[in-house]
Amino acid sequence: QQQVKQSPQSLIVQKGGISIINCAYENTAFDYFPWYQQFPGKGPALLIAIRPDVSEKKEGRFTISFNKSAKQFSLHIMDSQPGDSATYFCAGHISNFGNEKLTFGTGTRLTIIP
Amino acid sequence: DTAVSQTPKYLVTQMGNDKSIKCEQNLGHDTMYWYKQDSKKFLKIMFSYNNKELIINETVPNRFSPKSPDKAHLNLHINSLELGDSAVYFCASSQGAGGFYEQYFGPGTRLTVT
Chain Y
1088 QQQVKQSPQS LIVQKGGISI INCAYENTAF DYFPWYQQFP GKGPALLIAI
1138 RPDVSEKKEG RFTISFNKSA KQFSLHIMDS QPGDSATYFC AGHISNFGNE
1188 KLTFGTGTRL TIIP
Chain S
24 DTAVSQTPKY LVTQMGNDKS IKCEQNLGHD TMYWYKQDSK KFLKIMFSYN
74 NKELIINETV PNRFSPKSPD KAHLNLHINS LELGDSAVYF CASSQGAGGF
124 YEQYFGPGTR LTVT
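From first to last, the protein sequence lines are chains Y and S.
All residue numbers for the first sequence refer to our numbering, where the first residue is 1088 and numbers rise by one.
All residue numbers for the second sequence refer to our numbering, where the first residue is 24 and numbers rise by one.
So that you can see chain S by itself, here it is in the shape it has in the complex:
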């Protein structure tokens, strides 16, 4: 049973397009995250949500807009895609806040902008 799932797994699109990546977790966790992993494998947090409320927004261009319709879902919408947006995007979730809780990562979405 998949704990954190993302769709699609691969996304190839042209510059200027708008695209969305969906994430779902079935772990009952309160906190969800989006990370970006660039071509050098560097992993950096973009956003975190706790109980559908935005907690972290790490100086990400406002072309990126996360949306959390409920605790189990956190989607990422990207407007006006640029070449530099090409990366692997990971969704993650953790049990709660106020201490160290393991973050469970999804399988990633490889976004290629041409």
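Next comes chain Y alone, as it looks inside the complex:
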């Protein structure tokens, strides 16, 4: 059962443009929605995270928009740069009596072209 659906699978954006990656979730027990960034040959690293009682969170060029009623959230990368080229994963987090669990989306390979 894929609890977090992510789209698109791959995305090509010109330098300076806006990159948008979308996710939809099913499990309303998720208590946090993080985004992870993974460069080739490296492990994923936390980029930004949002709680479900907040509609938007911004950190630098990265913004999460969250729509609780639609059970959807998205990552916006403003002024996209070649260094942003990586695979991005959205996730849902559950914490249940010490049982911490991340359920990841299927990933989006982002390529920023000059």
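Among the hints, erroneous ones may be present.
[Said to hold, decoys possible] Short derived list, chain S residues pointing at chain Y, Cβ under 10 Å:
1) Tyr56
2) Lys63
3) Phe65
4) Glu81
Derived by calculation from the structure, the hints in this document are not laboratory data.
All values reported here derive from a predicted model rather than from experimental measurement.
Note that the Cβ used here is the ideal one computed from N, Cα and C, for glycine as well.
Use these hints to put chain S onto chain Y, whose structure you have.
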């Protein structure tokens, strides 16, 4: 100073063999995890340990056995390796439980079973 380290980085072995992957974290975290990333980049949790106690076991074949000798180490032993075990295995750690804590991932171990 490496936060989460794994050895080896690459592992090539034949079907039927037994192998181990080692993980160490120097962040003082209480919780450690093993994830499997398949050829399509899908990232899925396998196990989590909190203070050396197994918390999550995500329907992983019992050929996979994690061992946590202390809070800083979580090793993964795999018996009777199969072709389908070929993947990148990531170790991760986080500060605690009962809320959202960033998970720090290691660099991964690429396992190839021939």
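Okay, the hints, checked on the actual structure:
About 8 Å separates the beta-carbon of Tyr56(S) from the nearest beta-carbon of chain Y, less than 10 Å, and the hint is met. A hinted interface residue such as Lys63(S) counts as satisfied when its beta carbon comes closer than 10 Å to some beta carbon of chain Y; here the least separation is about 7 Å, so the hint holds. Evaluation of the Phe65(S) hint against chain Y yields a held restraint, the C-beta minimum of about 6 Å falling below 10 Å. Because the smallest distance between the Cβ of Glu81(S) and any Cβ of chain Y comes to about 8 Å, under 10 Å, the interface hint for this residue holds.
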